[in-house]
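*Asks:* Sequence:
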Amino acid sequence: MPKQRVGRNPNKRNVSRSYSFPKGDRYEQVCQRFFMSTLDISESVIRHALKHKGSSGTFTSLDQRGKHSPANKTPALQIEGVRMHIRSIPSMESHYTRKDTQRKYLDSGLSIRKMHRDLYPAWCQKHGYAPVSEKVHRTIFNTEFNLGFHQPKKDRCLACTKFENLTGDAKEEFRPNHEEHLLRKEESATMKDADKTASANDPNLQVITFDLHAVLQTPFTDVGLLYYKRKLSVYNFTIYEQDTRKGYCYLWPESEGKRGANEIASCLLSYLRSLPPNIHHVTSFSDTCTGQNRNVHVAAALLYAVRVLDNIHTIDQKFMESGHSSMEVDSMHSAIEREKKTQKVYNTHEWAMICRAARRGKGTIPYEVQELKHRDFYDFQKLSEQLISNKSISVDGKKINWMKIKWFRFLKEKPSSFLCKERLTDNEFIEVNVACTPTARGRQRHNNVQQPQTLELKQVYQSSLPITTAKKADLISLLDNGAIPEEYRLFYVNLKSRRDMRDILPQPDAEEEDVDLVEA
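Residue numbers (the UniProt record's numbering): 1 to 520.
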């Protein structure tokens with residue numbers, strides 16, 4: 001007998017589902033579980049697709065994902081507050097004028113975490129903004145601003161970094177150059193040690209290392225407000241005697257001098273003049289910074305010194321390998337950095353006090369410190385024009401590449417020449433007659449050598465130098481709100497300023513390419 005349906009609510013289903021997959025030129029029917037497992041979907045996906053199918057049987061509904069604001073989205077007002085806070089911190093342009101980047105730099109003492117933790121909460125409270133998380137703060141900083149935190153260039157080797165990042169055939173192709181680079185590094189370190197030993201056994205030889213300390217920003221305190229203000233740069237040129245272990249600091253603010261070849265040459269000449277009569281031979285080691293150490297202005301100063309200083313007969317200027325310029329003079333910088341941590345500094349004189357107090361311990365000699373004014377710096381560009389007519393052609397006609405020179409020698413017996421080597425271990429020096437003028441035919445025309453008594457050093461600056469108007473305004477505002485004590489007002493008020501000057505980093509950043517390595 002046929003079954004009869006029992007009940008008051010008969011089944012009203014009038015549609016059944018079947019599931020199938022294409023197989024060749026036909027469809028193979030499967031069960032629902034197999035269908036869902038194969039496509040990795042749930043039954044709700046099937047129901048949604050069938051609910052929104054069109055008359056042709058295809059899915060016609062628009063995708064609604066991403067059309068609704070998430071419940072945890074940061075309000076636009078808070079995001080704008082983060083932007084305003086980041087813009088409120090002064091930034092500086094690159095030390096080198098570069099057309100290929102608009103990147104600017106914030107204070108080296110800052111980081112995104114420090115900004116968010118130490119500066120941002122107080123700023124939000126003052127300006128009535130609700131703070132955002134560090135993650136949101138970091139995202140806005142990294143995606144909307146072309147900013148970095150200034151890290152002074154110091155012993156960052158571009159050649160080694162480049163080699164480490166290469167792979168495969170490119171790395172093998174570069175390997176011989178890299179091995180030569182490491183060999184030159186070892187040669188400079190070995191020669192420095194050998195010269196240090198020689199100076200201990202020769203009372204007529206003085207071996208020194210020299211370098212510029214990192215910029216000393218002034219005022220220097222732990223007040224958070226300073227991060228929102230531009231500060232005065234103070235420069236510290238340091239010399240360390242390898243044998244006696246004496247250290248010398250030459251300090252000046254940016255209002256009295258710059259940070260270039262004239263200033264470095266003036267400091268070196270001042271040091272050479274101070275040497276005792278028994279010193280006849282001076283050897284120096286430094287990094288290869290072209291703008292400060294390896295240039296014609298410094299060469300002119302050393303050529304001048306060996307001519308006019310009676311006791312100095314020989315000056316050797318040697319260079320460490322680029323990116324590997326660790327030297328004994330760095331110990332002076334470390335000692336000064338340790339001493340300043342617990343101090344508050346408001347002017348150049350107080351930096352001098354810190355430098356003198358930096359060397360502690362029984363039997364140690366405090367660093368000798370000189371505070372320099374604009375009148376202490378000489379125009380060695382003008383002197384080089386008087387002394388050096390030829391710097392690029394040797395006496396045997398060889399072209400000289402200054403970027404590759406590792407050793408200059410200046411001799412009293414050769415007042416119109418300098419000797420040089422492109423490798424510290426080269427057997428022979430190359431001689432360059434600076435009094436000759438190269439001609440178009442490759443010959444050299446001899447000029448008269450100026451006698452020492454006819455050479456006159458002239459001051460490069462006739463008065464103190466201006467700082468930017470924005471920087472002076474920031475310094476005065478620190479006085480007005482008490483961040484700088486009132487007793488220092490006269491020092492800051494008397495600073496000159498100019499509106500048309502650019503705010504630039506006082507020294508190269510670690511991100512900036514090493515010109516020596518690129519051009520060598």
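Hints are computed from structural coordinates only; laboratory data are not their basis.
We put the beta carbon where it would ideally sit given N, CA and C, even for glycine.
Any given hint could turn out to be false.
To be verified - As a list, the in silico BS3-like pairs of lysine-lysine whose alpha-carbon atoms are at most 27 Å apart: (1) Lys362 x Lys373; (2) Lys341 x Lys246; (3) Lys399 x Lys231.
Stated by the list, open to error - Computed beta-carbon distance windows for the label pairs: (4) Gly224 x Ala130: 35 to 43 Å; (5) Arg113 x Pro276: 16 to 24 Å; (6) His127 x Glu164: 18 to 26 Å; (7) Glu134 x Glu172: 51 to 59 Å; (8) Lys382 x Leu411: 21 to 29 Å; (9) Ser326 x Ala198: 15 to 23 Å; (10) Leu490 x Thr342: 49 to 57 Å; (11) His178 x Ile365: 37 to 45 Å; (12) Arg502 x Lys458: 23 to 31 Å; (13) Arg338 x Pro276: 26 to 34 Å.
*Asks:* For this structure, which hints from the list above don't hold up?
*Replies:* Numbers 1, 3, 4, 5, 6, 7 and 10 - these are the hints that the structure violates, sorted from lowest upward.
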